[in-house]
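Visitor: In the order they appear, the protein sequences are chains A and B. Anchor point for the first sequence: position 8 equals 8 in our numbering, and the numbering is continuous, going up by one each time. Anchor point for the second sequence: position 241 equals 241 in our numbering, and the numbering is continuous, going up by one each time.
Just so you know, these hints were derived from the structure itself, not from any lab. Treat the numbers as computed from the prediction; the structure is a model and nothing was measured. No residue lacks a Cβ here, since even glycine has one placed at the ideal position from N, Cα and C. Among the hints, erroneous ones may be present.
[What the hints assert, rightly or not] Pair by pair, the computed Cβ-Cβ distance ranges are:
#1 B:L154 x A:D132: 16 to 24 Å
#2 A:L99 x B:Y179: 36 to 44 Å
#3 A:G88 x B:A418: 57 to 65 Å
#4 A:Q7 x B:G349: 53 to 61 Å
#5 A:F85 x B:P400: 37 to 45 Å
#6 A:D134 x B:F128: 50 to 58 Å
#7 B:L445 x A:I13: 20 to 28 Å
#8 B:L165 x A:D132: 22 to 30 Å
[Claimed, not checked] No farther apart than 25 Å at their CA atoms in a straight line, the calculated lysine to any residue pairs in the SDA-like style are these:
#9 A:K67 x B:K57
#10 A:K93 x B:F131
#11 A:K93 x B:Q345
#12 A:K67 x B:G148
#13 A:K93 x B:D73
#14 B:K57 x A:K56
#15 A:K56 x B:V23
#16 A:K67 x B:I30
#17 B:K355 x B:Q345
#18 B:K25 x A:S68
#19 A:K67 x A:I49
#20 A:K93 x B:W44
#21 A:K67 x B:N22
#22 A:K93 x B:W62
#23 A:K67 x B:K28
[What the hints assert, rightly or not] Which chain B residues stay away from chain A? Per the calculated CB distances, all over 10 Å, these:
#24 I4
#25 A14
#26 S19
#27 L20
#28 N22
#29 I33
#30 K57
#31 N58
#32 D73
#33 V132
#34 Y179
#35 A188
#36 Y448
#37 A476
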Amino acid sequence: MKSILLQTICRFIIPFLLVLSVFLLLRGHNEPGGGFAGGLVAASSFALILLAFGKKELRIAMRFDPKSIAGIGLVIAVLSGIPAFFIGEPYLKAIWFMLPTPLGPTKVGTPVIFDIGVYLVVIGITVSFLEDMDE
Amino acid sequence: MSVIFVVLIPLLMAAILVSLWNVPKGRKVIAIIGSGAHALAGAWLLTTVIQSGLVTKNISGWIPPFGIEFRADLFSATLVALASFIGLCVTIYVHSNIDDERTNFGFHPLFFVLLGGISGAFVTADLFNMFVWFECILLSSFVLLGLGGEKKQLRGSLNYVIPNLFSSMLFLTGLGLIYGATGTLNMAQLAERTAQINPSTAALVTVVFVIAFGLKAALFPFFSWLPNSYHTPPTAVAALFAGLLTKVGIYAIIRFVGTIAPTTASAVLPILTIVCVLTIVIGSIGALAHTSLRKILGYLLIGHIAFMLLGLIVPSQASMAAAYFYMLNHILVITCLFFFVGIIQWHTGQIDIRKIGGLQAKYPALAIGMAIPTLSLIGIPPFSGFWPKIGLLQAATDSPIFFASIIFSSFLTLLAMAKVWMTIFWRAEVTEAPEMPPCPTTKALPAYLLAAVILLISVFPAPIADLTNRAAKEFAPYFQINGGDQ
């Protein structure tokens with residue numbers, strides 16, 4: 001059931017999907033997007049790999065066990081509330097600051113870290129569901 | 001700060017343990033360290049509350065009603081501290097009890113989600129947030145019951161999840177109603193506003209919530225799911241469920257009727273009294289009818305759970321204090337008993353009392369250890385169960401039917417436990433038990449530790465009585481409104 005057409009298209013489309021997912025992740029705080037949407041897009045690219053190449057190649061492409069990715073995402077999301085303690089604010093209070101980047105100053109903060117956590121959880125959980133269903 | 005840590009630590013532990021999904025080594029040790037940290041956080045919260053009173057924190061700095069507030073008064077802080085201590089005991093107990101198959105399918109992360117859910121339900125001051133914690137508890141406990149995939153486990157977990165989902169639905173309906181009527185879900189604001197809304201709406205909302213929580217607490221007539229599901233999972237899981245889960249339901253009823261809607265209590269109290277009495281009677285009779293150790297304890301748990309609502313039914317500080325003391329003691333005692341049942345199961349491979357015998361001759365230490373929670377459960381002086389029971393009886397003189405049911409239940413508990421004791425400990429060995437290796441220390445330690453704590457409370461009940469008195473004072477407005485002596 002391995003189609004050469006799908007495999008060829010995959011090679012083209014997956015890098016774009018992954019870049020799109022990171023783009024969605026980073027624009028997410030005030031505009032449509034965010035960790036959940038970005039994570040789903042990234043997971044769909046892994047789903048394509050699963051369909052086109054099979055489970056073994058998916059594991060090679062992902063490098064880590066999807067459940068561990070979800071767990072690490074959870075840890076990041078939980079920890080993203082901790083920095084607020086150091087400035088005497090309650091848990092999960094957002095801290096923002098401007099970061100100078102080559103593209104000009106960018107606003108970053110703890111919610112971005114939280115979103116990265118969500119992103120990883122969504123990827124991990126979705127891929128592990130798909131893997132289980134593939135059997 | 002401490003009020004956040006009691007919820008944060010279990011959730012962080014769950015996350016860490018999920019990321020170690022494929023790393024079997026060290027999982028159990030990490031779990032014990034995490035539980036230890038949780039127990040420390042619980043103790044920290046309790047000492048903070050004892051020293052400086054109410055602790056509140058708005059999560060992420062949003063003020064209520066827009067944000068979620070965590071609030072620990074003495075009533076909830078003591079329960080959290082006790083829950084985290086029980087959690088630590090269960091994690092140690094689990095060390096040798098849960099097989100690899102279960103740990104591979106996420107026993108530990110689920111366990112910590114459950115602990116986090118219980119702690120969260122105790123400290124949250126937002127009714128909708130409480131619903132979220134209840135869902136955390138429900139989902140994780142559903143999977144914990146089903147882990148292992150034995151046939152009877154699947155039946156047990158279905159028995160558990162269907163009534164509890166129904167209860168969640170009622171809870172959500174009640175949330176909608178109360179939000180529509182008052183425009184807030186923060187408990188402190190609700191307490192101010194429920195007195196002002198239409199009394200019949202308030203009564204309806206209260207009834208919906210009491211039914212929803214009553215289902216979780218296994219009150220009559222919604223009790224049958226409890227003994228049918230608690231006898232299937234591994235003993236450690238059953239011990240945790242028996243010790244804490246139904247008490248979360250009781251806590252929610254007391255919190256709702258006692259703090260949020262004290263003015264409408266008069267609408268539900270007559271029904272609640274009948275429900276409690278029937279729960280006590282039926283639970284105690286049910287215990288006599290069964291021969292499986294876990295089912296006997298399950299029914300006794302139902303029979304005793306309704307005592308803890310006496311503080312609402314007889315609105316006075318003394319009755320609330322006694323009921324609260326009873327609740328704290330009951331958490332310790334029932335968990336301890338389930339631990340000992342697990343040890344008996346280890347030695348004999350059985351939990352049916354018809355097939356067990358001669359334990360006293362073979363394992364005298366086990367008999368001495370188990371005698372402590374057993375006597376305390378019945379309420380024999382001077383064991384710890386006696387002190388709250390005498391308080392309950394004194395308080396219940398205003399409600400003769402409740403008084404009678406306490407006496408009735410105490411006798412039936414005595415009868416049920418005496419039957420258990422005489423068959424499994426005193427009679428001669430029935431069948432040749434298979435030769436088992438000695439009970440691992442990690443399994444024996446928490447059981448005997450809890451027995452020692454119970455013994456300590458038996459000898460020095462005064463500090464606990466002080467604590468429960470102070471905790472009961474927090475319900476002073478409820479007693480005033482409902483014509484109690486406070």
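Visitor: Next step is simple, just say for each hint if it's right about the structure.
Guide: We went through each hint and held it up to the structure:
Hint check: L154 of chain B to D132 of chain A, Cβ distance near 18 Å, so the stated range 16 to 24 Å holds. For L99 of chain A and Y179 of chain B, the hinted distance range of 36 to 44 Å is satisfied, since their beta carbons lie about 40 Å from each other. In this structure the supplied range 57 to 65 Å holds for G88 of chain A paired with A418 of chain B, their Cβ-Cβ distance being about 58 Å. Under the hint 53 to 61 Å, the C-beta atoms of Q7 of chain A and G349 of chain B, about 55 Å apart, fit the expected range.
Separation of F85 of chain A from P400 of chain B is about 54 Å and departs from the stated range, judged on CB atoms against 37 to 45 Å. Distance hint check for D134 of chain A and F128 of chain B: the Cβ-Cβ separation is about 37 Å, which falls outside the suggested range of 50 to 58 Å. The supplied range of 20 to 28 Å is broken by L445 of chain B and I13 of chain A, whose beta-carbon atoms lie about 57 Å from each other. Distance hint check for L165 of chain B and D132 of chain A: the Cβ-Cβ separation is about 24 Å, which falls inside the suggested range of 22 to 30 Å.
Taking the CA atoms of K67 of chain A and K57 of chain B, the gap is near 33 Å; set against the 25 Å cutoff, the hint is violated. Proposed proximity of K93 of chain A and F131 of chain B is supported: the alpha carbons are some 23 Å apart, at most 25 Å. About 49 Å separates the Cα atoms of K93 of chain A and Q345 of chain B, which puts this hinted pair outside 25 Å; it is violated. Using a Cα cut-off of 25 Å, the hinted pair K67 of chain A and G148 of chain B holds, with the two alpha carbons roughly 19 Å apart.
This hinted pair checks out: K93 of chain A and D73 of chain B have alpha carbons roughly 23 Å apart, not beyond 25 Å. About 48 Å separates the Cα atoms of K57 of chain B and K56 of chain A, which puts this hinted pair outside 25 Å; it is violated. Note on K56 of chain A and V23 of chain B: the hinted pairing holds, with a Cα-Cα distance of about 20 Å set against a maximum of 25 Å. Between K67 of chain A and I30 of chain B the CA atoms are separated by roughly 18 Å; this keeps the pair inside 25 Å, and the hint holds.
Straight-line distance between C-alpha atoms of K355 of chain B and Q345 of chain B comes to about 11 Å, which keeps the hinted pair within the 25 Å bound. At most 25 Å may separate the alpha-carbon atoms for a hinted pair to count; K25 of chain B and S68 of chain A meet this at roughly 15 Å. At most 25 Å may separate the alpha-carbon atoms for a hinted pair to count; K67 of chain A and I49 of chain A meet this at roughly 18 Å. The hinted pair formed by K93 of chain A and W44 of chain B meets the criterion: a straight-line CA distance of about 23 Å does not exceed 25 Å.
Of the pairs offered as hints, the one joining K67 of chain A and N22 of chain B holds, with about 8 Å between alpha carbons and a cut-off of 25 Å not exceeded. At roughly 8 Å between alpha-carbon atoms, K93 of chain A and W62 of chain B fall within 25 Å of each other, so this suggested pair holds. The hinted pair formed by K67 of chain A and K28 of chain B meets the criterion: a straight-line CA distance of about 18 Å does not exceed 25 Å. Chain A draws I4 of chain B into its interface by the beta-carbon criterion, the shortest separation being 5 Å against a cut-off of 10 Å.
The beta carbon of A14 of chain B sits about 7 Å from the closest Cβ of chain A, which is not more than 10 Å, so the claim that it is off the interface is violated. Annotated as non-interface, S19 of chain B brings its C-beta within 10 Å of a C-beta of chain A; the closest such distance is 3 Å. The claim that L20 of chain B lies off the interface is violated: its Cβ sits roughly 7 Å from the closest Cβ of chain A, which falls inside the 10 Å cut-off. In this structure N22 of chain B is not separated from chain A by more than 10 Å, as the shortest Cβ-Cβ distance comes to only about 5 Å.
The Cβ of I33 of chain B sits about 15 Å from the closest Cβ of chain A, beyond the 10 Å cut-off, so the non-interface label holds. Residue placement check: K57 of chain B does not keep its beta carbon more than 10 Å from all beta carbons of chain A (closest about 5 Å). Under the 10 Å C-beta cut-off, the non-interface status given to N58 of chain B relative to chain A is violated; the minimum distance is some 6 Å. The Cβ of D73 of chain B sits about 18 Å from the closest Cβ of chain A, beyond the 10 Å cut-off, so the non-interface label holds.
Consistency note on V132 of chain B: stated as away from chain A, and its beta-carbon is indeed over 10 Å from all of that chain's, at 15 Å minimum. Residue placement check: Y179 of chain B keeps its beta carbon more than 10 Å from all beta carbons of chain A (closest about 23 Å). The Cβ of A188 of chain B lies farther than 10 Å from every Cβ of chain A, with a closest approach of about 17 Å, so its non-interface assignment holds. A cut-off of 10 Å between C-beta atoms confirms that Y448 of chain B is not in contact with chain A; the least separation is 35 Å.
Even its closest Cβ contact with chain A, about 29 Å, leaves A476 of chain B beyond 10 Å, as expected for a residue assigned away from the interface.
Taken one by one, the earlier hints fail for this structure at numbers 5, 6, 7, 9, 11, 14, 24, 25, 26, 27, 28, 30, 31, listed in ascending order.
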